[in-house]
Amino acid sequence: MTSGTQAETDTLPLRLLVGVSGSIAALTLPAYLYAFRAVGVERIAAVLTRTAEGLVSEQSMRAVCDGVYTEADHGRGHVALGRWADQVVVLPCTAHVLGCAAQGLAPSLLTSVLLAAERPVTYVPAMNPVMWGKSAVQRNVARLREDGNEVVEPRPCTAYEVASKALVPSLAPPPPEELLRHLASAVDGRGTE
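In our numbering, the protein residues as written are 2 to 194.
Since the hints were made in silico from the structure, they are not lab data.
We treat Cβ as the ideally placed atom computed from N, Cα and C, and that holds for glycine.
Careful: at least some of the hints might be erroneous.
[What the hints assert, rightly or not] Simulated DEER-style distance windows between Cβ atoms:
#1 Arg182 / Arg77: 31 to 37 Å
#2 Gln139 / Ser58: 20 to 26 Å
#3 Gly149 / Glu179: 20 to 26 Å
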């Protein structure tokens, strides 16, 4: 890690809550969790949507996270989780979670935590480019930003698409090092763009 990167990550949260929604990009989550630990995030909790539970196991998440919460925990503790976190990041974030958050809907534990969060949330979308380009999705992104949250632009990539079972052009979260810079600037209020 370069000294410039170290300076940028000095303001990372000590308690990070990672919301995991049901994008296939959830399979890349361990690389991000290890990167968070490597730069000094002291405590990590994860909230998995029901679909995310099918992509990443609760047991493997417990190896890296201090707490893992699933839909079985819905209705218990969403306010406490929102208060606990120095920062909340939704990684990866689906169009469904973006829409629920933008509209203030709470059909899941994760979306309930997002409503209860006491600080702005960082959303890291991962989805098909056609979905990302839809007017409805872009309206939801604009509303989240207007409300003071950060939506990190997804990066063009080639990724495995479940629908076609092939590698296709897609959109994915930025690499861990770049996301760390976004999180650090969200904590200290500088913004990145």
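Now for the hints, and whether the structure bears them out:
1. Arg182 / Arg77: 31 to 37 Å: holds, 34 Å
2. Gln139 / Ser58: 20 to 26 Å: Taking Cβ atoms as reference, Gln139 and Ser58 lie about 33 Å apart, which means the hint is violated.
3. Gly149 / Glu179: 20 to 26 Å: holds, 21 Å
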